[in-house]
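Peer 1: For reference, the chains in residue letters:
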Amino acid sequence: MFDFKEYLRLDMFPHMLCPGCGHGIVLGAMLRAIHSLGLSKDEVMVVSGIGCSSRLSGYVDFNTLHTTHGRPLAFATGIKLARPELKVIVITGDGDALSIGGNHLIHAARRNLAMTCLLLNNEIYGMTGGQSAPTTTPGKISTTSPKGQTERAFDSCRLAEAAGATFVARGITYEPAAVERLIAAALQHNGFSFVEILSDCPEFFGRFNRVGSPSDMLFTQKQNTLDAKAAAALPPERRKGKLLTGILHQDSAPEYLATLDQNFAGAVRPDMRE
Amino acid sequence: MENGQVQNVLIVGVGGQGVLTASDILATVCLASGYDVKKSEVHGMAKRGGVVYTHVRYGRKVLSPLIEPGEGDVLLAFEPAEALRWSKYLKPGGTLITNLRQRVPPASCLDRRPQAAVRYPQEIQRSLRQQLGDVRVLDAESLAMELGNPRVSNTVLLGVLSNVCEFSTEDWTSAIERSVKPQAREINRRAFLAGRNMQFPAAEEEPAAAPAQEAAASLAIADIEIRETWCKGCEICVVVCPQNCLKMNDAKKAVVADASSCIRCMLCEWLCPDLAVNVH
Numbered sequence: 000m001f002d003f004k005e006y007l008r009l010d011m012f013p014h015m016l017c018p019g020c021g022h023g024i025v026l027g028a029m030l031r032a033i034h035s036l037g038l039s040k041d042e043v044m045v046v047s048g049i050g051c052s053s054r055l056s057g058y059v060d061f062n063t064l065h066t067t068h069g070r071p072l073a074f075a076t077g078i079k080l081a082r083p084e085l086k087v088i089v090i091t092g093d094g095d096a097l098s099i100g101g102n103h104l105i106h107a108a109r110r111n112l113a114m115t116c117l118l119l120n121n122e123i124y125g126m127t128g129g130q131s132a133p134t135t136t137p138g139k140i141s142t143t144s145p146k147g148q149t150e151r152a153f154d155s156c157r158l159a160e161a162a163g164a165t166f167v168a169r170g171i172t173y174e175p176a177a178v179e180r181l182i183a184a185a186l187q188h189n190g191f192s193f194v195e196i197l198s199d200c201p202e203f204f205g206r207f208n209r210v211g212s213p214s215d216m217l218f219t220q221k222q223n224t225l226d227a228k229a230a231a232a233l234p235p236e237r238r239k240g241k242l243l244t245g246i247l248h249q250d251s252a253p254e255y256l257a258t259l260d261q262n263f264a265g266a267v268r269p270d271m272r273e
Numbered sequence: 000m001e002n003g004q005v006q007n008v009l010i011v012g013v014g015g016q017g018v019l020t021a022s023d024i025l026a027t028v029c030l031a032s033g034y035d036v037k038k039s040e041v042h043g044m045a046k047r048g049g050v051v052y053t054h055v056r057y058g059r060k061v062l063s064p065l066i067e068p069g070e071g072d073v074l075l076a077f078e079p080a081e082a083l084r085w086s087k088y089l090k091p092g093g094t095l096i097t098n099l100r101q102r103v104p105p106a107s108c109l110d111r112r113p114q115a116a117v118r119y120p121q122e123i124q125r126s127l128r129q130q131l132g133d134v135r136v137l138d139a140e141s142l143a144m145e146l147g148n149p150r151v152s153n154t155v156l157l158g159v160l161s162n163v164c165e166f167s168t169e170d171w172t173s174a175i176e177r178s179v180k181p182q183a184r185e186i187n188r189r190a191f192l193a194g195r196n197m198q199f200p201a202a203e204e205e206p207a208a209a210p211a212q213e214a215a216a217s218l219a220i221a222d223i224e225i226r227e228t229w230c231k232g233c234e235i236c237v238v239v240c241p242q243n244c245l246k247m248n249d250a251k252k253a254v255v256a257d258a259s260s261c262i263r264c265m266l267c268e269w270l271c272p273d274l275a276v277n278v279h
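Residue numbers (numbering that gives the first Met the number 0), protein chains in the order written: chain A, 0 to 273; chain B, 0 to 279.
For reference, chain B alone in the conformation it holds in the complex:
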């Protein structure tokens, strides 16, 4: 990196994948190498499987903590749909590293019946390859599972990132060791090396997509049974149903309005004080 230049690394993922830990480690490595580092993160969505992202900027002197769209040198994505969403932040010729394991966000899977189709973007890899030059894809979670713990997939991805940022293996491993619990050091070290030693040929074959969505085979519509003689018309089930499947009839009894949108959340059954509702 030349004097005055700033390296922009954007790390994106969804809640629980270790985005913040990974960005902390990267910032520690940069600091240890004598750079000025600015880091800015958005978190708190984690509990709902929402988006978590961090901007990490390092160089001789860094003023703003934020990366503008089209300014990113590296985009490290923990989830393919997030890679697609944030790809506009990469500058031409920037490097994209993405995990292949899909995490379907709650908004895409309102239909929680078995084998239900999810609204998840298709052909992510192809469109990313068309738009961007240097795309490195891997299934970090499978690698991490092979090492013994899916939670180290963020360290695997850091290993891949380490080939783009110019720090030494020792700097990386010592930063990782400081960030994780003593009992997790060894597996994280192996995860890091597994990522660092991965080879990414320029023209890579399309690996098989991760198994998140299968075509809807048969959608079993929920059978909501309401025992009319037990129902006292308190209206709780009608109010709490997130899909408006139920309604009150003229006799002030709860009846099924539309069972086809039922997601089997069970709230009507669990909250019925009269034990009058069953969802089959």
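So here's chain A without its partners, still in its complex pose:
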């Protein structure tokens, strides 16, 4: 029987996220995914950077590490190399992973080290007061784009796929059960798995852009996205302007540790060999 209180640091609750912040929904989905795989708390390592999303590592009772801005993937790479038996999960935000840590993301994807990156995309820098992020939709209002965002936005899934990630998926907080399944699939993938979860920021993005209550923002997510499988059968005009959700890319490439082990056969620490 799943009880998420088992996985939380209860003395840290209630958490500091704003009312209606989608990151908490992702937290619940992640805990259910970990529970569904039967992982013990000691087997899981959660690493995060800086930002609202990165606060999540402080609330979970796994091995956790709250690191510097943009660098959680670099820390996680080191942890995975030293302790390959751990399931390493990186929780990062859109600004953390795509802007400050953009290079770490593409190189982690390129290396294909078996760890999972959860990118919580709320299209804005929430913690620092609502500045525009690399994912802010053009035309949307933020503190640094009072007349509407001028820059184009990153599609982080296409970026990760192009950089070589072998598992790329996108979920929305409107569909917590699907997010749970995507995270579970990502955790089981042998290689670098990347899951972008569209979250919402009612406090800044929602207020600046007058998009309604937290629940309205959830419903908007559903309107702006399409399941990838369903979309494949639709004519192009119905897919126009919609982001695809579900598993977007999956292939098998040599996993980094396995290759390393092969190249250094006999020279690698005994506990890293099978």
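A portion of the hints provided could be inaccurate.
To be verified - Here are the simulated DSS-like pairs of lysine-lysine, each with C-alpha atoms no more than 25 Å apart in a straight line: (1) Lys4(A) - Lys251(B); (2) Lys252(B) - Lys4(A); (3) Lys239(A) - Lys139(A); (4) Lys241(A) - Lys146(A); (5) Lys37(B) - Lys87(B); (6) Lys241(A) - Lys139(A); (7) Lys139(A) - Lys221(A); (8) Lys228(A) - Lys239(A); (9) Lys60(B) - Lys90(B); (10) Lys38(B) - Lys180(B); (11) Lys251(B) - Lys228(A); (12) Lys246(B) - Lys4(A); (13) Lys221(A) - Lys239(A); (14) Lys221(A) - Lys246(B); (15) Lys4(A) - Lys40(A).
Unchecked claim - Ranges between beta-carbon positions, derived for each pair: (16) Gly15(B) - Thr258(A): 43 to 49 Å; (17) Pro235(A) - Gln4(B): 44 to 50 Å; (18) Leu64(A) - Glu185(B): 56 to 62 Å; (19) Glu227(B) - Glu150(A): 40 to 46 Å; (20) Leu233(A) - Lys60(B): 34 to 40 Å; (21) Ile220(B) - Met0(A): 17 to 23 Å; (22) Gly240(A) - Met197(B): 51 to 57 Å; (23) Gln182(B) - Ala176(A): 30 to 36 Å; (24) Gly147(B) - Lys241(A): 39 to 45 Å; (25) Lys60(B) - Gly211(A): 57 to 63 Å; (26) Gly15(B) - Asp226(A): 16 to 22 Å.
Claimed, not checked - Chain B regions said to be covered by chain A (calculated; three or more residues, Cβ under 8 Å): (27) 232–242; (28) 263–271.
Hints in this document: simulated from the structure, not taken from any laboratory. Please read these numbers as outputs of a predicted model, since none were measured by experiment. Heads up, the beta-carbon is just placed ideally off N, CA and C, and yes, glycines get one too.
Keeping the supplied structure of chain A fixed, place chain B upon it in accordance with the hints.
Peer 2: Just chain B, lined up with the frame of chain A:
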């Protein structure tokens, strides 16, 4: 069938049972035998377990694709409640073939607690027998399970239908083989023959009803736990609850309004950003 006459076959069922495949096979058989065939279908409800039906009309020359109420020669129902719903389309003396396996539609089972009673029509067989003459009932799904795959129950039902329509076994089996994947041909052939060889005595005993509803023994009402100190009042749970179990109190916190109608859909628990809700 005499010249100028048109045979009307109405095939009804719910999503996922293979209604469209069965009607395609029937239309193929008719075409192969040199008839003019018109087929009209309503589908798309399948994903929600909704109604799927097809009108198949064949004869020397068929003009309209639709069967009027009271004009059907054969009603092939994949689900007993659908048999009841569509029985008015049969003409007096028409033949009803119905599967006994019940598929409770979503609207009838809003109450998804264990052992909850479902609102499903009772005594379907008796009322159908009173209204109609030639009623042939069978549990096609059990037969299909015995053959190894519940998905061939539509072929079993086609086998029963084949005794009403006058085509040869070879015509039927070759049409079936063209409609299914090569690896499924053998099981579909056996399913068809199992249906074709079934005997339906005029006065049949009432077989036991399929086990879809059992009397509500004890209805455990969901226990919705909301940790007030964790709740930040974003109102998501109140908005998404399909049964209006929750409400906001004066202090802008979510509270339980009425747990008795909770269907344990879990949306409030899964969508609570503050992890403040548990449904037990």
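Peer 1: All hints are to be evaluated individually against the structure, with a verdict given for each.
Peer 2: Each hint, compared with the structure:
{"no.": "1", "hint": "Lys4(A) - Lys251(B)", "result": "24 Å, holds"}
{"no.": "2", "hint": "Lys252(B) - Lys4(A)", "result": "20 Å, holds"}
{"no.": "3", "hint": "Lys239(A) - Lys139(A)", "result": "19 Å, holds"}
{"no.": "4", "hint": "Lys241(A) - Lys146(A)", "result": "24 Å, holds"}
{"no.": "5", "hint": "Lys37(B) - Lys87(B)", "result": "21 Å, holds"}
{"no.": "6", "hint": "Lys241(A) - Lys139(A)", "result": "16 Å, holds"}
{"no.": "7", "hint": "Lys139(A) - Lys221(A)", "result": "18 Å, holds"}
{"no.": "8", "hint": "Lys228(A) - Lys239(A)", "result": "15 Å, holds"}
{"no.": "9", "hint": "Lys60(B) - Lys90(B)", "result": "20 Å, holds"}
{"no.": "10", "hint": "Lys38(B) - Lys180(B)", "result": "23 Å, holds"}
{"no.": "11", "hint": "Lys251(B) - Lys228(A)", "result": "40 Å, violated"}
{"no.": "12", "hint": "Lys246(B) - Lys4(A)", "result": "24 Å, holds"}
{"no.": "13", "hint": "Lys221(A) - Lys239(A)", "result": "15 Å, holds"}
{"no.": "14", "hint": "Lys221(A) - Lys246(B)", "result": "24 Å, holds"}
{"no.": "15", "hint": "Lys4(A) - Lys40(A)", "result": "13 Å, holds"}
{"no.": "16", "hint": "Gly15(B) - Thr258(A): 43 to 49 Å", "result": "45 Å, holds"}
{"no.": "17", "hint": "Pro235(A) - Gln4(B): 44 to 50 Å", "result": "47 Å, holds"}
{"no.": "18", "hint": "Leu64(A) - Glu185(B): 56 to 62 Å", "result": "58 Å, holds"}
{"no.": "19", "hint": "Glu227(B) - Glu150(A): 40 to 46 Å", "result": "43 Å, holds"}
{"no.": "20", "hint": "Leu233(A) - Lys60(B): 34 to 40 Å", "result": "38 Å, holds"}
{"no.": "21", "hint": "Ile220(B) - Met0(A): 17 to 23 Å", "result": "18 Å, holds"}
{"no.": "22", "hint": "Gly240(A) - Met197(B): 51 to 57 Å", "result": "55 Å, holds"}
{"no.": "23", "hint": "Gln182(B) - Ala176(A): 30 to 36 Å", "result": "33 Å, holds"}
{"no.": "24", "hint": "Gly147(B) - Lys241(A): 39 to 45 Å", "result": "41 Å, holds"}
{"no.": "25", "hint": "Lys60(B) - Gly211(A): 57 to 63 Å", "result": "59 Å, holds"}
{"no.": "26", "hint": "Gly15(B) - Asp226(A): 16 to 22 Å", "result": "19 Å, holds"}
{"no.": "27", "hint": "232–242", "result": "holds (count 6)"}
{"no.": "28", "hint": "263–271", "result": "holds (count 4)"}
Taken one by one, the earlier hints fail for this structure only at number 11.
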